[in-house]
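Asks: Given next are the chains, with one letter for each unit.
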Amino acid sequence: MTRRDLTLHLGLIAGLFALHFLLPAYHHGVFARVMVLAVYAIGYNIAFGYTGLLSLGHAMFFGAGMYGVGLASYHFAIPALPAWIIGLGCGALLALVVGLLALRTEGVSFMIVTLMFAQAAYLVILYYSEYTRGDDGLVIPGDMRAIGSWDLSDEGTRYLLAWALFSIALMLSLWLVRHPFGRVLVALRENEERARLLGYDTGGRKLAALVISGTISAAAGGAYATMFGYVGASFAGVQYSIFALLWVLLGGAGTVLGPFVGVLFMTYLNDVASGVTEAYMLIAGVVLVLLTLFAPQGIVGEIRRRFWKDLP
Amino acid sequence: MTETTSKTKTSGLIQPTRRGALKTLAMGAGAAATMPLWARYTSAQSAEPIRIGFGKHATGIGAAYGRWYERTSVAAIEKINGEGGINGRPVELVTEDDGTDPRRAAEVLEKFANQSNCDVAFGTLFSHVVVGAAPRAGELKLPYFVCSEGHHVASGMLNRWTMQPGITDVKSQISAMAPFITDVLGKKVTMIYPDYAFGYDHRDNLAPAIEAAGGEIVGSIAIPPTETSFTKYFPQIPRDTEVIYHVMIGPAVLTFVKEMGEFFGPSRPEIFGFIDSLEATDLTSPGLEFLDGTYFWEGMPRYLQDDAPDYVTAYRDAVGLDANGASVSDPSDVSTSAHMFSCWETLHVIKAGMEAAGYQSTEDRQALIEAVEAMTLMEAGPAHPGGTKMFNGKTHQVFGPQYISKVEGGKLVVQKTVDYEETMYPDEVDYTSMSF
Amino acid sequence: MKHETDVILSTEGLGKSFDGLRANHDIDFTLRKTQVHALIGPNGAGKTTFVSMLIGRLEPTDGAIWFDGRNVTQMPAHKRVAAGMGYTFQITSVFARLSCHENVALAARRKQGGDAAKVEQVVADALSRVGLADRTADVAGDLSYGHQRLLEIAMGLASAPRLLILDEPTQGLAESEITAFKALIRELSAETTILLIEHNMSVVMELADEITVLNFGEVLARGTAAEIHANPAVQAAYLGTEAS
Amino acid sequence: MEFGPYLMLAMLEGAVLAAVLALMASGLSLVFGVMRVVNVAHGEFYMLGAVMAWVVTQFMMGLGGGPAVNFIAAAVLAPLIVGSIAAAADVVILKRLNYDPERVIVATIGLLYIIQQAALMGYGPDAKPVVAPFNERIALPWVAWGENGLEMYYPWGLSTTSYKLFVIVAAVVILAGLRLFMTRSRAGLVMRATQLDGEMATAFGIPVERVYAIVFGAGAALAALAGVLIVPIQQAHYLMGGDALLLSFIVVIIGGLGSLAGTVVAAVLIGMSDGIISVFFTPTLAKIIATLAVALVLVFRPQGLFGVKNR
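Protein chains in written order, with the UniProt record's numbering: chain A, 1 to 312; chain B, 1 to 436; chain C, 1 to 244; chain D, 1 to 311.
Since the hints were made in silico from the structure, they are not lab data.
Be a bit skeptical, because a hint or two may be false.
[What the hints assert, rightly or not] 30 Å max Cα-Cα, derived DSSO-like pairs, lysine-lysine:
(1) B:416 - B:406
(2) B:411 - B:188
(3) D:128 - B:406
(4) C:118 - A:309
(5) C:118 - C:33
(6) C:111 - C:79
(7) B:187 - B:416
(8) B:411 - D:128
(9) B:411 - B:187
(10) A:309 - C:111
(11) C:118 - C:79
(12) B:406 - B:187
Only chain A is shown next, with the shape it has when bound in the complex (with noise of 0.2 Å):
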C-alpha cells in the first residue's frame, strides 16, 4: 500500500468525519444513508469489479443481513450487535451455498443463476410472512437499536456508526485489492485460464471472492436494519440488485473509490430529478446505456485511465 493511497483513502474518510460537523440536517442524513449503502456497493465491487462476477443477485445477501438482523431483534429480541453478526453469518452462509451452485456456470448463466436464486428468495420472503410480515415488512423495536448507551435511532450516533462501518469496509476493501489475494482476483478477471494455468486454485479464489463480497453486502443490509429501523420485502428484491450494479458501474468498477462515488451520485442525481419529474429512474437508465457506450470504467475508473495510473 503506498503513502499516497493511505493518504487519499484516509483524507476521504476524515472529510467524512467532518461532515458531520458541517452538513445541513437533511444532507446529514442523507450521507448516513450513502455511506451505508456504498458498503453494501463496496462488498457488490469486489465480486464484479475485482473478479469479474456480474451478479444480479446480490440483493439476497443485502437482505439476509437486513432479515437476519430484523427476524433476531423482532422475534427474539437479540439486541443491535449480536444480531447485526447473526446478519453477517447469514449473508456468509448464502452466499457459500449460492456460490458453491452459481459457480459452476460463468458469464451470462451466472448472472442468471444468481437473479433465479435472489428471486427465490425474494419469494421466501413472501411466503413466510407469518415471521417476515411479507411486503408489509418489520418495524424494529426502539429497545433493540441501541448498541449500549448509544441510540441507534439518534441522527448523531447512526451517522458516526455509518461512518465507522464505511471506513472498514473502505479500507479492508483497499487493503484486500492490494494483498497478493485481492491481486489474484483481478488476474482472474482478466483471464481466468491464465491464472489458472499459473496455479491458482480459481474456483476456491472466486468461492472466497464471493463470500467477502456477500457478507460485506450482508453487514450493509444488517446496519441498514438496525440504524433505519425497517426490514422490507422490496430490499431483497431485484432491483436492489441492479442498484448495486449500477452504482459500482457509476463509480467505477475495480476501483476502491468507485462505490462510493457512484452511490453518492446517483443518490443527488435521483434526489434533483424526482423534483422534475415523476420518472426519476428515467435518469438511471440513461446513466447506464451512456456509461457502456462511453465510460465503461466509470467516474473513478476514467481518473484512473486519464490521471492516475496506479489508482486502487
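Please arrange chains B, C and D on chain A, whose structure you already have, making use of the hints.
Replies: Structure of chains B, C and D alone, referenced to chain A:
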C-alpha cells in the same frame, strides 16, 4: 389525556450537541456557507406558510390512488386557505413522490422534516409504505398523518407520532359489513383477498366477524399481489358458497373482477366486494356487466346519491368529481372516492389540531399530537363530508360510517349506512402512555 | 511402473477422443530431467491436445499421466502447476490490461507468497532474462506480439517450474528474437526440464536433446535430432511435407 | 369444483399463458440464438406492445372504428412500431458495444428503465383496458359416470372465452409461420447462417450488421405481439414487463438457449405447470420451486432440458 412527559423543547432536527458544534462553527468565518441554511431554521416565523408534506404514490402500484389523493388534498388546502388558513397563516402542500416504496417514503419524510421544513407529513395509503416510513417519523419527531385504512396504527405496531384520523381501519370496516353479509346475502362465505399485509387485515378479521354474525367462512383464497391471471384460483371456491367476499388491489384489479364474471357465467352466488377491487376503475368497463346486483363496501359513495347533503356536493365540486365519481374534465378518469375523502378530512383534522394547540412553529409539533389525541367526536359537515366520526386518541384511529352499495344499472347506490358506533372495537394499544 | 529416478514426466496409453473422433491414441511418453525435449508433428497431429492433457486443461479419455512419481491424471490444472509444471500458451494469453510487472508478479507470487522483496527480485530477474527489463511498467496489451510472447516466457520463468511446457514459443518472433530465445533456452536447460512444442525446425534441431514425433495422434518416432532427421517414416510424414 | 373439471380449467388457463410465453420467449431465444446476447429489456418490449395496442385502439376509436378493426390495426401496427424502436436501439447502442455479452446486459438493463419510465411519462401509471374484438363466454362440458352410464354435463365454473381460445390459436399460427420462415425463406437461412458463424457469414457477403438489427427488431416485435394478444385479457400497465421477463428467461433456459423448438416446448411446459401447480400448491410456493428448479437446471444442465450440448 395523560400528559406525563413534560414538554421538552426539541428541535426535532439534530441532536443538541451537534447543533452546538454547528453553531460554534457557523460563527467561524470558514462556515459562512452554512449561514443561509440556519437563517431558514430560525426565521420560521408566523408569516411563513404552514407546510404540509404530502408523500404521494405518484409511481409504482399505488399511482391511481396517488393522483386522486393529491387532487383531493389540493382542493382541501384551497378551501382551508380560502377560509383564512390555519392560525392566520396560509397552508402550502409540499408534494414528493414516494414511488409506493418504503425506503423512498422514509427518505421523503427526511426531506419534509429537514429540507423543505414541513410542519407535518401526511397522506400515505399503502400499508407497507406506512410501516416502512413510520419509524422515521418517530425519529424525526414529525407528526405523520396516514390515510391508509390499514390496521397497523390501531394495532399498536407504530408510534406516537403516527396517527390515522381520516379513515376507518379495515378491522372496523369489516365488523360493520359482517352482519349485513350474513343477514342479507348468505351464511356461507368464501373470501378472496390479496396475499399480503393489506389482505391479512381482511383475512384475520373477517372470520371472527362473520362467525359473530352467525355465518361461517367456507373458503379462503389468497392471491399473490403480482398475479395477473386469476381464473385458475376460482375453482377453489367451494360449491356450497352463498357469498363471495372479494378484495383486491393493484393494477390487475379489473382483470380480477372480469375473470370472476367469466368464471361464474350465469350462475353466480351473491357477491360482496370491497370497492378497493374496483377503485379508479369504470364500473361500465366491458366484462363487468355481471356485477349488476352485487354489493360493495364504500368508505364514501363514489356516485352522487340522491339524498346527498350540501357539504357532500360542495366537497365533490371542490375536488372536481362528476355525478359518476369521475373527473369532470375526463369521464374515463375514475376516482378513488372510497378512500381519498380521508385526505380532505385529515387536513381538516390537522387544521383543527393546530388551532387547538396554538401551533406556531415546529417546536409545537408535540402539542399538535396531543391536541389531536384529545379529539373525540367529529361531526359530519364541510370538514367531514364522509360522515360523523369518532376519534380514539389512545389508538390514534378514527371510526366512521361505512356504506354498503348495490350496483344498479352500472352505478353504485347506497343501500345501507352503518354508523360509527357499530364499528368500534376494544383498544389494542394506548399510544398516549408512550413517550415522545 | 517405470519411474526411474531421472524421469520427471511420463504417460501411459494416453488417449483423447472428441465425440468418437480420436485426437490422441495410446501415447507412451517419457521425459527425462533437465532434458530439452521437443514435440513435433504436422498440423493436426494432436500436439496441443497432448500437452493440454499434460497440464490438465483437457481430461484424457484413457491412460494415465505421471509427474515426479505421482499419478496426476485426475489432478486439477492449478495443482499440477503448484506441483511444479509450468505452461505457456500457444496463442498469447497474457493479462492484457495489467502491467508487465504485474503479469510476471502474478506468476511469481504463487510460489513466493507474501515475500514482497523476493517477488520483486524474481520479477526483475525474469523480465531481464527475456529482455523486457525496460518495459516493466508498460501495459501488457500494448506490447508487440513478439514481446507478448517473451512476456509469456517470463511468466513461465517466474513461476520457477521444474518442468516448463512451451507451446510454440517462437511463433511470430523475429529472427533476432529467435536467436535470443535459443540462448535463453540453453541457459534454462541447466536448471529445468523443458518440453518444447515447435514448428521451427532450426530451433528444434539446435535445442532438443530428444525429439518425439506425433502423427495422426500417435507417436511416430522418438530419438535424437540426428536419428529423427534420418528416420524415413518421419521424412515421409513430416519433413517431406515440410520440404515440399 | 371436482378435480377433473378443475384440472381441465387449469390446463386451459395454462395454455393461454403458454401461448403468450411461447411468442415472447421465442423472441428472446431468436435474439440469443443469432446474436448470442441476452436482451434484458425484452419484457419492456412486451409492455410496449400492450401499451401501443392501447394507443392504437384509442386512436382508431377516435376515427370511429369498431373493436375488431381497432384490434387488427393494433396487432399490425404495435409490433411494427416496437420492432422499429428495437432495431434503432440495436444500431445506436448494441452495435457500438460490438455485442459484447456482458456489456449488452448492462446496456439493456439501462434500456429497460428508459422504456419503462418513458411509458410512465407518456402513458401514465394506470392500467388501461383494450376491448377484445370478441369475447363470448363458452361453457365447457364434462363427462362423468352417472346413473345412466356416461353422462355429459356442464360443471359450475368450467368455461373459457372465445378470445382466450383465439389467443392460443393465434400463437400456434404465428409460431408455425416463424418456423417456416426460418427454415424455408432466404432471409431465414441468412439468419441461421449468421447464427452459426458471424465471421463466416460476413465472408460470404451477408450484411451481418443489418441482419442483427432486423433480428433484434423481430425479437422485440414478437414480444410486442404477445403484449397485444394479452392486453384484452389483462390491460396494459407500465410495470407489466418485469414478471414477463423472468418467465421468458425461465422458458428460454429450460428450452435450451437459442433453440426455437425447445423454447416452444418449454413454454408449454411452464405455462401448463403454472396452471396445474396452482391446483396443488400455493402460488408463491409454486413460484419458489419453479425459480429454484430453473437455477439448478442452469447449474447442472446448462444446455437446457431439451437442448443439445454444442458449444
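Asks: Take the hints in turn and mark each one as holding or not.
Replies: We went through each hint and held it up to the structure:
Restraint check: the Cα-Cα separation between residue 416 of chain B and residue 406 of chain B comes to about 9 Å, which is no more than 30 Å; the hinted pair holds. Of the pairs offered as hints, the one joining residue 411 of chain B and residue 188 of chain B holds, with about 27 Å between alpha carbons and a cut-off of 30 Å not exceeded. With a C-alpha separation of about 25 Å, the suggested pair residue 128 of chain D and residue 406 of chain B falls inside the 30 Å cut-off, and the hint holds. With a CA separation close to 24 Å, the supplied pair residue 118 of chain C and residue 309 of chain A stays within the 30 Å bound.
Simply put, residue 118 of chain C and residue 33 of chain C have alpha-carbon atoms about 26 Å apart, close enough for the 30 Å limit, and the pair holds. Proximity of residue 111 of chain C to residue 79 of chain C is assessed by CA-CA distance (about 12 Å); at most 30 Å being required, the pair is judged to hold. Distance check on the hinted pair: residue 187 of chain B and residue 416 of chain B sit about 19 Å apart at the alpha-carbon level, within 30 Å; holds. Taken as a hint, the residue 411 of chain B and residue 128 of chain D pair is honoured in the structure, with Cα atoms around 20 Å apart against an allowance of 30 Å.
A hinted pair counts as satisfied when its Cα atoms are at most 30 Å apart, and residue 411 of chain B with residue 187 of chain B qualifies at roughly 26 Å. For the suggested pair residue 309 of chain A and residue 111 of chain C, the alpha carbons sit about 27 Å apart, so the restraint of at most 30 Å is met. At most 30 Å may separate the alpha-carbon atoms for a hinted pair to count; residue 118 of chain C and residue 79 of chain C meet this at roughly 22 Å. A distance of roughly 19 Å separates the Cα atoms of residue 406 of chain B and residue 187 of chain B; the hinted pair therefore holds under the 30 Å criterion.
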